[in-house]
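*Asks:* Take a look at the letters that make up each chain.
There are 2 protein chains.
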Amino acid sequence: MKPTIRDVAKMAGVSISTVSRVMNAPDTVVESKRSRVLAAIEELQYQPNSFARGLIYKKSFTLGLFIPDIENIYYSGIIRGVQDACIKLGYSLMICNTDRDKDRLLAYIDAFHEKQVDGIVFASDMIFPEYYEKLSGSRIPFVLVSSHSYQYDIPSVEIDDKAAAYDAVKYLIELGHTEIGMIGFNHENSIAGPPRYEGFVQALTECGLEHTIKRVKYASHRFEHAYDAADELFSEYPEITAIFCVADEFAMGTISYLNDRNISVPDQVSVIGFDNLRVSDMYIPKLTTIAQPTYDLGYRAAEKVHELVTTGSVDVLREKMDHELIVRQSCREK
Amino acid sequence: MKPTIRDVAKMAGVSISTVSRVMNAPDTVVESKRSRVLAAIEELQYQPNSFARGLIYKKSFTLGLFIPDIENIYYSGIIRGVQDACIKLGYSLMICNTDRDKDRLLAYIDAFHEKQVDGIVFASDMIFPEYYEKLSGSRIPFVLVSSHSYQYDIPSVEIDDKAAAYDAVKYLIELGHTEIGMIGFNHENSIAGPPRYEGFVQALTECGLEHTIKRVKYASHRFEHAYDAADELFSEYPEITAIFCVADEFAMGTISYLNDRNISVPDQVSVIGFDNLRVSDMYIPKLTTIAQPTYDLGYRAAEKVHELVTTGSVDVLREKMDHELIVRQSCREK
Chain A
1 MKPTIRDVAK
11 MAGVSISTVS
21 RVMNAPDTVV
31 ESKRSRVLAA
41 IEELQYQPNS
51 FARGLIYKKS
61 FTLGLFIPDI
71 ENIYYSGIIR
81 GVQDACIKLG
91 YSLMICNTDR
101 DKDRLLAYID
111 AFHEKQVDGI
121 VFASDMIFPE
131 YYEKLSGSRI
141 PFVLVSSHSY
151 QYDIPSVEID
161 DKAAAYDAVK
171 YLIELGHTEI
181 GMIGFNHENS
191 IAGPPRYEGF
201 VQALTECGLE
211 HTIKRVKYAS
221 HRFEHAYDAA
231 DELFSEYPEI
241 TAIFCVADEF
251 AMGTISYLND
261 RNISVPDQVS
271 VIGFDNLRVS
281 DMYIPKLTTI
291 AQPTYDLGYR
301 AAEKVHELVT
311 TGSVDVLREK
321 MDHELIVRQS
331 CREK
Chain B
1 MKPTIRDVAK
11 MAGVSISTVS
21 RVMNAPDTVV
31 ESKRSRVLAA
41 IEELQYQPNS
51 FARGLIYKKS
61 FTLGLFIPDI
71 ENIYYSGIIR
81 GVQDACIKLG
91 YSLMICNTDR
101 DKDRLLAYID
111 AFHEKQVDGI
121 VFASDMIFPE
131 YYEKLSGSRI
141 PFVLVSSHSY
151 QYDIPSVEID
161 DKAAAYDAVK
171 YLIELGHTEI
181 GMIGFNHENS
191 IAGPPRYEGF
201 VQALTECGLE
211 HTIKRVKYAS
221 HRFEHAYDAA
231 DELFSEYPEI
241 TAIFCVADEF
251 AMGTISYLND
261 RNISVPDQVS
271 VIGFDNLRVS
281 DMYIPKLTTI
291 AQPTYDLGYR
301 AAEKVHELVT
311 TGSVDVLREK
321 MDHELIVRQS
331 CREK
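Protein chains in written order, with full-length UniProt numbering: chain A, 1 to 334; chain B, 1 to 334.
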C-alpha cells in the first residue's frame with residue numbers, strides 16, 4: 001500500500017497541515033519539525049498524489065497553455081519557452097489547441113477549471129469579453145503572451161508590434177524602395193494586426209511616401225491566404241517593388257506566389273517577413289525578417305503566471321520585449 | 001456551495017457508485033435509475049470535480065502525449081489528430097516535449113503517474129528498456145505512434161517505412177536517375193532510420209543499381225544537420241543527380257545547400273522528401289515527397305489508447321497506415 005500524507009504526519013509526529021506546509025512553504029515551518037517531516041518522507045518513500053494534493057491544497061501544480069493553431073510554426077518557440085519555465089518552476093504543462101474556436105476555448109476553460117490548473121498562459125489570441133468573464137469567474141490566474149488587453153488589467157508579455165513593423169518598413173525604404181505593399185493580418189481577429197499596420201503607415205508617412213499607404217491586403221494567418229492576398233496585391237499594383245509581410249508564413253506565401261509568376265525575389269521584388277521562424281533560415285531565398293524572441297516570451301509568460309499564483313499580483317502588468325531586424329537574402333537595394 | 005456526487009446520489013435515491021457508473025459506463029445501469037441520476041445531475045447543475053473524481057474512480061479523463069521535439073513541424077499534424085480524438089472521446093490532452101532527453105522523459109512518466117493520466121501516446125521515439133519498465137511499472141496504458149516495438153508487445157500505429165522509402169527511390173529510378181544518394185536518420189536514435197534505408201537498398205538492388213547504395217550520409221532530425229550531410233555527400237560523390245531525403249526537413253536542408261552552391265533543383269539535381277509537411281507546398285521548389293497521414297496516425301493512436309483504457313486490450317497490436325507519393329516540383333527526368 002502506498003504511503004499517504006497521513007502516514008508521513010504520523011511518523012513525524014506532526015499534523016497533516018504541517019506536512020503540507022513543508023512541501024509547499026517550507027520556510028513557514030520550524031527547522032526541527034521540518035527535518036522530521038523530510039526524514040519521514042524519505043523513509044516512507046512518500047510520493048504526493050496529485051488528486052489528494054489537489055483536494056487538500058487546492059493546487060494541482062499544472063499550468064495550462066492555449067495555442068490558437070498548433071500547426072502554425074510560430075507557436076513552437078513559445079511552447080518551448082513556456083515548457084522550460086514550467087520544468088524550472090515545478091509545474092506540468094497541459095497544452096490545448098483552440099483553433100480560434102470560441103466554443104472550444106470556452107469548453108477548455110471549463111476543463112481547466114475542473115482540473116483546477118493553477119494558472120493559464122493564453123497565446124496571441126483576442127481576449128473576448130466571454131473569455132474574460134469565464135476566466136475571471138473560474139478564478140484561475142492567467143497571462144497573455146504575444147497579446148495584450150487595454151480593456152482589462154490582464155498581465156501580458158509581447159513585443160512592441162508597431163515599432164517592429166516600423167523598423168521593417170523603414171529598412172525597405174532605406175534600400176531605396178518607394179512602391180511598397182503590405183500583407184497584414186485581418187484586423188477583426190488579430191491582436192497584432194492594427195499596431196503592425198500603424199507601424200507601416202508611420203514609416204511611410206515620415207518618409208513622404210503617403211501614396212503607397214493604400215497598398216495593403218489582408219490574410220488570415222495561413223500561407224495559402226497570403227498567396228491569394230499577394231495575387232490581389234500585384235494584380236492591382238504591379239508597380240510594387242517591396243512588400244512588408246506581417247508573418248514569415250505570409251512572406252513564404254508571397255514568395256511562392258511570385259515564384260509561380262516567374263518574378264524573382266529579391267532581384268525584382270524584395271520581401272521582408274516577421275517572426276524569424278526556424279524555417280526562415282531554410283527558405284529559398286533565406287528570409288530577411290523581424291525576429292521575435294518567441295522562446296523568451298513564452299518563458300517570461302510562465303514566470304508571470306507563477307508570480308500571480310504565488311503572490312497574487314505581478315510587478316509589471318504589460319511587459320514588452322525587444323525585437324531585432326535579421327538581414328538575410330530576401331531584400332535588396334532598389 | 002457546489003453540489004457533490006453525494007448530493008446527486010441522495011437526490012436520485014441511489015448509491016454513489018451508481019452515479020459514477022451512469023457517468024462512466026451508463027449501459028451497466030438500469031434505465032429507471034439512470035434517468036433519475038441524469039435528472040438529479042441536471043437539477044443540481046452538478047459538475048464533476050476531477051480531483052474528487054480521480055480519487056473515487058481512479059480515472060482522470062486525461063491523456064498524455066510525448067513529443068520528442070515540439071519545434072519539429074512533423075509533430076503538429078500528429079498533435080492535431082491526437083487532440084481531435086481526445087475531444088471526441090472526452091479526454092483532456094496534456095502534451096509534453098521530451099527533447100529526446102531520457103531523464104526528462106522518465107521524469108514526465110513520474111508526473112503522468114502522479115497525475116494519474118489514463119493513458120499515454122508516445123510519438124516516434126525509441127522505446128528504451130528503462131522507458132518500458134517505468135511505463136509498465138506505472139500501469140499506465142500506452143500506445144506508440146510513428147514508432148513500434150518488436151521487443152515488447154506495445155500497440156502501435158505507423159506507416160510501412162520500408163515500403164514508403166522503396167516507393168520514393170523507385171520513383172527517382174523511373175525518372176531515369178542512376179546516380180542516387182540518400183540522407184537518412186542516424187540508426188542509433190531513430191526508429192524509422194533502418195527501414196527507410198532498407199527500402200532504399202531494395203529499390204536500388206532490384207534495378208541493378210548496387211553501385212550507388214553506398215552513397216548515404218546521416219543527419220539527426222534537423223535541417224542544419226541535413227545541410228552539412230548534403231555537403232559531405234556532394235563533396236564525396238559529385239556525380240549524384242538525385243537524392244532521397246528521409247524527411248522534408250532534410251530535403252529543405254539539402255535544397256538550401258544546393259542553392260547556396262548554385263546547383264539548381266530540379267534542373268541539375270532532383271530531391272525527394274518524406275512526410276508532406278504543410279511547408280512542403282510552400283517551399284521553392286514545391287517538394288515532391290512521400291505523404292504520411294500524420295493527422296490520422298495521431299487520431300488512431302488516441303483511439304487505441306482509449307480502447308486499451310476501456311477494454312484492457314487492443315484488437316490490432318501493430319497497425320499500419322497508407323503512405324502516398326505526392327509529385328510536385330523538386331524532381332524531374334534525368
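Check each hint, because a few of them may be wrong.
Which copy is meant is left open, because identical chains are indistinguishable; a pair holds if it fits in one copy or across any two.
Claimed, not checked - Below, in silico cross-link-like pairs of lysine-lysine (DSSO-like), each with a Cα-Cα straight-line distance of 27 Å or less:
hint, residue 1, residue 2
1, Lys88, Lys102
2, Lys10, Lys33
3, Lys162, Lys10
4, Lys170, Lys33
5, Lys33, Lys214
6, Lys214, Lys10
7, Lys214, Lys162
8, Lys134, Lys214
9, Lys33, Lys286
10, Lys320, Lys10
11, Lys170, Lys102
12, Lys59, Lys134
13, Lys214, Lys334
14, Lys10, Lys170
15, Lys334, Lys102
Derived from the structure by calculation, the hints contain no laboratory data.
*Asks:* Hint by hint, note whether the structure agrees.
*Replies:* We went through each hint and held it up to the structure:
Only between protomers do Lys88 and Lys102 lie at most 27 Å apart by alpha-carbon distance; the minimum there is 17 Å, versus 32 Å within a single protomer. Taking identical chains as interchangeable, the C-alpha atoms of Lys10 and Lys33 lie at most 27 Å apart only when both belong to the same chain, with a minimum of 12 Å there against 42 Å between chains. Taking the closest pair of Cα atoms, Lys162 and Lys10 never come within 27 Å of each other, the shortest separation being 60 Å inside a single copy and 59 Å across copies. For the identical chains of this complex, Lys170 and Lys33 are neighbours neither inside a copy (63 Å) nor across copies (71 Å), given an alpha-carbon limit of 27 Å.
Taking the shortest Cα distances, Lys33 and Lys214 never come within 27 Å of each other, neither inside one copy (70 Å) nor across copies (67 Å). For the homomeric pair Lys214 and Lys10, neither the shortest alpha-carbon distance inside one copy (74 Å) nor that between copies (67 Å) is at most 27 Å. Taking the closest pair of Cα atoms, Lys214 and Lys162 come within 27 Å of each other only inside a single copy of the chain (17 Å); across copies the shortest separation is 54 Å, beyond that limit. For the homomeric pair Lys134 and Lys214, neither the shortest alpha-carbon distance inside one copy (39 Å) nor that between copies (61 Å) is at most 27 Å.
Within a single copy, Lys33 and Lys286 get their C-alpha atoms no closer than 60 Å, and across copies no closer than 66 Å, so neither meets the 27 Å cut-off. In this homomeric assembly, Lys320 and Lys10 never come within 27 Å of each other (Cα to Cα): the closest approach is 49 Å inside a single copy and 53 Å across copies. In this homomeric assembly, Lys170 and Lys102 never come within 27 Å of each other (Cα to Cα): the closest approach is 37 Å inside a single copy and 47 Å across copies. Proximity of Lys59 to Lys134 under the C-alpha cut-off of 27 Å is found in both arrangements, the shortest distances being 19 Å within a copy and 26 Å between copies.
For a Cα distance limit of 27 Å, the shortest separation of Lys214 from Lys334 inside one copy, 21 Å, qualifies, whereas the shortest one across copies, 47 Å, does not. Taking the closest pair of Cα atoms, Lys10 and Lys170 never come within 27 Å of each other, the shortest separation being 69 Å inside a single copy and 70 Å across copies. In this assembly of identical chains, the alpha carbons of Lys334 and Lys102 never lie at most 27 Å apart, being 45 Å within a copy and 52 Å across copies at closest.
The structure fails hints 3, 4, 5, 6, 8, 9, 10, 11, 14, 15 (numbered hints given earlier, in ascending order).
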